[in-house]
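J.: Taken in sequence, the protein lines are chains A and B.
Residue 1105 in the working numbering sits at position 188 of the first sequence, and the numbers go up by one each step.
Residue 93 in the working numbering sits at position 75 of the second sequence, and the numbers go up by one each step.
To be clear, the hints were calculated from the coordinates, so they are not data collected in a lab.
Just so you know, these numbers come straight off a predicted model, no measurement behind them.
Note that the Cβ used here is the ideal one computed from N, Cα and C, for glycine as well.
Some hints here could point you the wrong way.
To spell it out: a stretch of chain B is covered by chain A in this simulated footprint if at least three of its residues, at any positions, have a beta carbon under 8 Å from a beta carbon of chain A; those stretches are [said to hold, decoys possible]:
id: 1; region: 91-97
id: 2; region: 103-109
id: 3; region: 121-128
Over the 12 Å line for every Cβ pair with chain A, so calculated as not near, a few chain B residues [said to hold, decoys possible]:
id: 4; residue: 22
id: 5; residue: 31
id: 6; residue: 39
id: 7; residue: 72
id: 8; residue: 80
id: 9; residue: 82
id: 10; residue: 115
id: 11; residue: 193
id: 12; residue: 210
id: 13; residue: 215
id: 14; residue: 249
Among the chain A residues that face chain B by a calculated CB cut under 10 Å, a handful are [said to hold, decoys possible]:
id: 15; residue: 919
id: 16; residue: 920
id: 17; residue: 921
id: 18; residue: 1014
id: 19; residue: 1015
id: 20; residue: 1019
id: 21; residue: 1021
id: 22; residue: 1024
id: 23; residue: 1025
id: 24; residue: 1112
Chain residues, written in single-letter form:
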Amino acid sequence: MIRFTWRQFRVPAVAAAGALLVLAAFALVTGPDLARSWSATLTACGRAGDCPSATAAFARTDGVLAAALGTLVSLVPALVGAFWGAPAVARELEGGTLPLVWTQSVTRGRWMLVRLGVVGAATALATALLSLAVTWWAAPLDRAGATRYATFAQRDVVPVGHALFAFALGVTAGLLVRRTVPAMAVTLVAFTAVRVVTAFGLRPRLVAPEQHALALDPGSTGLGSAASPSLLLNGWFNGGPSSALDPATPPMPDAWILSTRVVDGGGHALTDAVLDATCPAVMARDGAPPAVPGHVPVAQDAREAFQACVSRIGATYHEVVTFQPSGRYWTLQWLEAGLFTGAALLLAAFCVWWIRRV
Amino acid sequence: MTNDTVIETDGLGRRYGRRWALSECTLSVPAGRVVGLVGPNGAGKTTLLRLAVGLLRPTAGTVRVLGDRPAAGPAQLGRVGFVAQEAPVYPNLSVADHLRLGAWLNERWDRGLAERRAARLGLDPHRRAGRLSGGQRAQLALTLAVAKRPELLVLDEPAAGLDPLARREFLEEIAGVAAEQGVSVVLSSHLVPDLERVCDALIVLVASRVRLAGTVETLRRDAGSRSLEDLVVDHLTPDRPASDRPVPGALPADAEREGRS
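Start from the sequences, fold in the hints, and give me the full structure.
T.: What follows is the structure, encoded as structure tokens:
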């Protein structure tokens, strides 16, 4: 049964191995240069005495490539689910070949189990190698960027858990939907939904986040914040700003900032109504300017008025930063990878049970 | 259950949603014969055969094949060969791949037999199964079912899609397999002349009920001057009085052995 499963799976497996080889070759050719250039940057900035701006600049080198590779790692699990998982049973159902294979001397339960095992093992191996190559290649950039949680699902062990889950989800979808293309669509939609809920809703709560309270700084507090899908989703799951006042976050290298809120001593969040009442003159201005120095040139009097407003607010309100510290990265990695692998095993058990029952 | 029967059902039924594809079916199929299962479309032939090879689970009643529950385990699966309607094969796998598949998935696989058969039937080992003609595909599926050395061969409308020549060749193959390997065969069809060519017993199934059963010889005798087909068609009309129904599975053991020798 293992040999037969391998025979059917040979072409996609060889294609995946080829793609991995190309990627590994690329990483091996360009990776050492990137690492050398990183240590040169560190040496140079140490002599010049301005490491923060040098590392920030270094983190932007190869930005497009790093983003593309990271996206690839986070896309591959979905592709595995759609192209390896969904057809596993659905294609046999469509091709009418189940009566042929189920009347050989192998029980259906074993047929399903071996299929899940062989392709599941290939899934784990392929994504582990992919993640390893990208994690290794991008290590200097990640160290320079100091935002390790930004690439949480693109590095280390989490992609393997995601891929195993996506594969089992695909097999299950194929089993229930019974047609390959609709099953692929169901897999992609369901997996994306699970990923979004996990990234914004589950991952921050796997371990209770920490909080850090500090006074409002009139010099770095602005108004409003840029809207992006990920900010909106994060706000939805983790609480967005309660008012237009947007305090800057203190530098916390490699930490994951879930929310930055302005609250009073009783824990009540600042509202726009309070903000308007406290600083009527500032808030009346249409499209109030960002007070962060160095951005748009702002008239001196406007800036002073706004800073005075922040000081007045700061008399009763302070800033609370909710975050996951950098040190929890590996705990969260293993927890999420374990949860997804566990879910994959549950789905696999369901597939075996279902196929024996039909 | 005795050694004389290969399939025995008792009140067997299978429902799809609210529709019963087969209900209250009680019959027994004798061993050591080529038994034809005749009936109009929708009589439940395919459902019955799929229940017998374990592709379906019964909703009601029981079915025993060679004394055991269908598809009870690898050993039981190995004792029954099956060719489904349209003779499905893997279009992307070659003929040789299919024979390897048979060897990998069956303990009792007879490699020599499979290769001899494939060669005799002119099945090119390197050709993809998807590019075979309908007749060759059916022969490949039959080769897979035969080379696992089953005690019972179940064929569901095996010749339905074939042209007359391919159909005749295929039926002759079945007759040959039954004679050479002493394997019991059950095949369904709605073409009485086809069955007459290869079968030595017939079971007429109408709306899940056995309407007529007997050896081809006895049935021919009963038909008298009419053809066997006319006799069968007579029994296909659904509103026949119940008294005319023969006892389900009435194939007297003595008469069977007589007919065989």
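J.: Does each hint hold? Answer for all of them.
T.: Okay, the hints, checked on the actual structure:
Residues of the region 91-97 of chain B lying with their CB closer than 8 Å to a CB of chain A number 5, which satisfies the three-residue condition for coverage. Counting residues of the region 103-109 of chain B whose C-beta sits closer than 8 Å to any C-beta of chain A gives 5, which meets the bar of three, so the coverage hint holds. Coverage of the region 121-128 of chain B by chain A holds. Counting CB-CB distances below 8 Å, 5 residues qualify, and the rule asks for three or more. The beta carbon of residue 22(B) sits about 24 Å from the closest Cβ of chain A, which is more than 12 Å, so the claim that it is off the interface holds.
Distance check on residue 31(B): its Cβ is at least 17 Å (rounded) from any Cβ of chain A, clearing the 12 Å threshold; non-interface status holds. Every Cβ of chain A is farther than 12 Å from the Cβ of residue 39(B); the closest lies at roughly 15 Å, confirming the non-interface assignment. The beta carbon of residue 72(B) is not kept farther than 12 Å from every beta carbon of chain A, the shortest such distance being approximately 8 Å. Look at residue 80(B): its CB is around 18 Å from the nearest CB on chain A, clear of 12 Å, so calling it non-interface holds up.
The non-interface label for residue 82(B) is consistent with chain A: the shortest C-beta to C-beta separation is roughly 17 Å, beyond 12 Å. Not every CB of chain A lies more than 12 Å from the CB of residue 115(B), the least distance being 6 Å, so the non-interface label is violated. The non-interface label for residue 193(B) is consistent with chain A: the shortest C-beta to C-beta separation is roughly 22 Å, beyond 12 Å. Its beta-carbon lying about 25 Å from the closest one in chain A, residue 210(B) satisfies the requirement of being farther than 12 Å from that chain.
A cut-off of 12 Å between C-beta atoms confirms that residue 215(B) is not in contact with chain A; the least separation is 25 Å. Every C-beta of chain A lies more than 12 Å from that of residue 249(B), the closest at about 32 Å, which supports listing it as non-interface. Among the interface hints, the one on residue 919(A) holds; its C-beta lies about 8 Å from the nearest C-beta in chain B, closer than the 10 Å criterion. About 5 Å separates the beta-carbon of residue 920(A) from the nearest beta-carbon of chain B, less than 10 Å, and the hint is met.
Taking 10 Å as the C-beta cut-off, the interface hint given for residue 921(A) holds, the closest approach to chain B being about 5 Å. Contact between residue 1014(A) and chain B, as hinted, is supported at the beta carbon level, the nearest pair being about 5 Å apart and thus within 10 Å. A cut of 10 Å between beta carbons decides the hint on residue 1015(A): the least distance to chain B is about 8 Å, and the hint holds. Of the supplied interface hints, the one on residue 1019(A) holds, with its beta-carbon coming within about 6 Å of a beta-carbon of chain B, less than 10 Å.
The closest approach between the C-beta of residue 1021(A) and any C-beta of chain B is roughly 4 Å, which is under the 10 Å cut-off, so the hint is satisfied. Residue-level restraint check for residue 1024(A) holds (minimum Cβ-Cβ distance to chain B is 6 Å; threshold 10 Å). At about 7 Å, the closest approach between the beta carbon of residue 1025(A) and any beta carbon in chain B falls short of 10 Å, and the interface hint on this residue holds. For the restraint placing residue 1112(A) at the interface with chain B, the shortest Cβ-Cβ distance is roughly 32 Å, beyond the 10 Å limit, so the hint is violated.
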